[in-house]
Amino acid sequence: MTQSLYDKIGGEAAVNAAVDIFYRKVLADDRINGFFEGVDMEKQAAKQKAFLTFAFGGPNNYTGKDMREGHAHLVERGLNDSHVDAVIEDLGATLKELNVPDELIAEVAAIAESVRDDVLGR
Amino acid sequence: MPVITYDKQPYACEDGETVLQCLTRHGVAIPSSCESGVCQTCLMRGVQGRPPAAAQQGLKDTLQAQHYFMACVCEPGEDMEVVLAGADVTHLLEAEVMAKSALNDDILRILLKPAQPFDYKAGQFINLYRPDGVVRSYSLASVPRQDECLELHVRVLPGGNMSTWVRDEMHPGDTVAIEGPVGDCFYVPGRPEQPILLVGTGTGLAPLWGVLRDALAQGHRGQIHLFHGSYSTAGLYLVDELRALEEAHDNFIYTPCADEPGDDMNAGVTCERADLAALAALPDLKSWRIYLCGHPDMVDVMKKKAFLAGASLSDIYTDPFVYSMTSS
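So the protein lines, in turn, are chains C and F. Residue numbers for the first sequence follow this note's numbering, so the first one is 98 and each next one is one higher. Residue numbers for the second sequence follow this note's numbering, so the first one is -3 and each next one is one higher.
Hints were generated in silico from the structure; no laboratory data involved. Check before you lean on any hint, since a few could be wrong.
Each computed EDC-like pair below joins lysine to aspartate or glutamate, with the alpha-carbon atoms no more than 16 Å apart [unchecked claim]:
(1) K96(F) x D170(F)
(2) K301(F) x D127(C)
(3) K301(F) x D126(C)
(4) K300(F) x D127(C)
(5) K300(F) x E186(C)
(6) K300(F) x E139(C)
(7) K282(F) x D170(F)
(8) K300(F) x D126(C)
(9) K56(F) x D137(C)
(10) K144(C) x E92(F)
(11) K56(F) x E139(C)
(12) K109(F) x D128(F)
(13) K140(C) x D296(F)
(14) K301(F) x D199(C)
(15) K301(F) x D137(C)
(16) K300(F) x E210(C)
(17) K301(F) x E139(C)
A few chain C residues that face chain F, going by a derived Cβ cut-off under 8 Å, partial list only [as the list claims (entries may be wrong)]:
(18) Y103
(19) D117
(20) K146
(21) A147
(22) N158
(23) D163
(24) L201
Beyond 10 Å from chain F on every Cβ pair, some chain C residues (computed) [to be verified]:
(25) L102
(26) G108
(27) A111
(28) R121
(29) L124
(30) E139
(31) G155
(32) P156
(33) V181
(34) E186
(35) L195
(36) P198
(37) E204
C-beta atoms are modelled at their ideal positions from N, C-alpha and C, and glycine is treated no differently.
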C-alpha cells in the first residue's frame, strides 16, 4: 500500500508542529496580517489547523462552499491573488523549517492551490 | 446506548454515533464545520458525564479540565448532559460578606463566604449580583483549600454603578447573590519546571494573585515572573505581600511597574508599562506559560506579542477585563 501524503508528512503530529510556526509567519507577514487584526487567536489557530490538515491531505470535510463562505468578507475587503500567494509561500517556508522534503512541499502547495478560486469567490 | 441530554431533552445515541451525529439526526442544529475534530466549531461542554479523551484532543488544558469536547468526534461512553460552548450553566447561590478592607486608595478587598460548597479554581471569576439585579464579573484572588473565603478585588470607578455600591452600601454580614465560577485562566498542575510569566494591570492582579499562590502551593518549581502595572505607584497594591512571597520563594520574581514616576516612587518600581517591561526582560518566550489579566487592550496586544516571541498559543491564558460604564 502506498503511503498517503498526510502520513508521509507525519500526520496529526506534523499539523500540531506546523500550526504555531505557520500562524506566527502569517502574523509577521505585512502583506497579509491586516486581514488577521482583531480576530480571536484561538479560533483562528483552530481554523488554521483545519486548513493545514486539509493541505497535508489529511481527513477533512471541507467543501468549496465552506471556502467561499468563509472568505467572502475578506474578498470584500480586497483579498486577491497576491494574498493567496503569500499564504502559500508562508506555508512552504513553514514546512521547510520542519525539514519536509521539497517534493512533498510541492504536493501541499498544489492542494492549497486547488482552492484558490473558491477562496477568492471566482 | 448512552443518552445525551441537551436543552433538557434526552436523545438516545446509537452505537458508533457521535454526539454531533446524534443531535443532528434528532433535528437539533449544532454548528459544525470540519467534522474531523480539528476546527472546534462544534465545541461543547459536558455538564454531567465525562467526554472521552479522544474528543478533547488538541483542546487547551483548562478547557479539558472543564470537560469541553468536540461533538463531531465524541462517541460518548456514558450518559452525558451537554451544552454549547459559551452557554454557561451556573447556579445562583448566596454568600455572606465576611470582610471589606482597602488595598489602596481605590481598590477594595472583599471576602465572601458561600452558603454552599463552591468548587472553583484560583483565577476564575464570578458574577456578583446587586439586589436590584445589576451584575458585574470579578476575578477570584483566593485559592481553594488555602483560603476559607472567596476574595475579590473591586476597583472603585468614579461613577461606577456596582463599585460605588460595593463601597457605600455592601457591609460585612450582608448576604449577596453570586454565580459561577467561570473562566479558563487558571493554573493546571503538570509541567512543574515550565517557566511562567504573569502580566497584570490594575485589579488584573486579582486572578494572578490566585494563580501565583496556587502554582506555588502545588509545587511549581520553574521560575515565576510577575509584572504588575498601574498608572502610578499609588495604584500598586499587595506590594509588601508580594515582596514577602519573593523572599520566601527562590523561583518567584516580582516586578512592580508604574506608567508615570510618582513623587513617592518606591525603590524597585520599574517606570514602564508592565507588558513592555516583561517583553524587554524576557524577549524569548518559547516554552513559557503565560497569564495576561487586566486591561483588554494590553491583554490582546500582549497575547499576540507573546505568541510572536515564541510562546505556544496553548500556553497563553488570558482574562481581559471589560468595564461596564453604563449607569442604568
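Status of the hints after comparison with the structure:
1. K96(F) x D170(F): 11 Å, holds
2. K301(F) x D127(C): 15 Å, holds
3. K301(F) x D126(C): Roughly 14 Å separates the two Cα atoms, so the pair holds.
4. K300(F) x D127(C): With a Cα-Cα distance of about 15 Å, the restraint between K300(F) and D127(C) holds, given a limit of 16 Å.
5. K300(F) x E186(C): Given pair K300(F), E186(C) is violated - Cα atoms ~22 Å apart, limit 16 Å.
6. K300(F) x E139(C): Holds - the C-alpha atoms of E139(C) and K300(F) are around 11 Å apart, at most 16 Å.
7. K282(F) x D170(F): Distance ~47 Å between K282(F) and D170(F) Cα, so the pair is violated.
8. K300(F) x D126(C): This hinted pair holds, its Cα atoms lying about 13 Å apart.
9. K56(F) x D137(C): Holds, because 15 Å separates the two Cα atoms, which is no more than 16 Å.
10. K144(C) x E92(F): 45 Å, violated
11. K56(F) x E139(C): Since the Cα atoms of K56(F) and E139(C) sit roughly 9 Å apart, the hinted pair holds (cutoff 16 Å).
12. K109(F) x D128(F): Judged against 16 Å, a Cα distance of about 21 Å means the pair is violated.
13. K140(C) x D296(F): 14 Å, holds
14. K301(F) x D199(C): 31 Å, violated
15. K301(F) x D137(C): 14 Å, holds
16. K300(F) x E210(C): Violated, at roughly 28 Å.
17. K301(F) x E139(C): Measuring from Cα to Cα gives roughly 14 Å; hence the hint holds.
18. Y103: This hint is violated: Y103(C) lies away from chain F, its Cβ roughly 11 Å from the closest one there, beyond 8 Å.
19. D117: Since chain F brings a Cβ to about 5 Å from D117(C), closer than 8 Å, the hint holds.
20. K146: Cβ of K146(C) sits 5 Å from chain F, so the hint holds.
21. A147: 4 Å, holds
22. N158: With a closest approach of 4 Å, the N158(C) hint holds.
23. D163: 7 Å, holds
24. L201: 20 Å, violated
25. L102: 16 Å, holds
26. G108: Label holds. Min Cβ-Cβ 12 Å, cutoff 10 Å.
27. A111: Label holds. Min Cβ-Cβ 13 Å, cutoff 10 Å.
28. R121: Its Cβ does come within 10 Å of chain F, the nearest being 6 Å, so this is violated.
29. L124: 6 Å, violated
30. E139: The assertion about E139(C) is violated, with a minimum of 7 Å to chain F.
31. G155: 8 Å, violated
32. P156: At roughly 5 Å from the nearest Cβ of chain F, P156(C) sits no farther out than 10 Å, so the non-interface label is violated.
33. V181: 20 Å, holds
34. E186: 18 Å, holds
35. L195: 15 Å, holds
36. P198: 24 Å, holds
37. E204: 20 Å, holds
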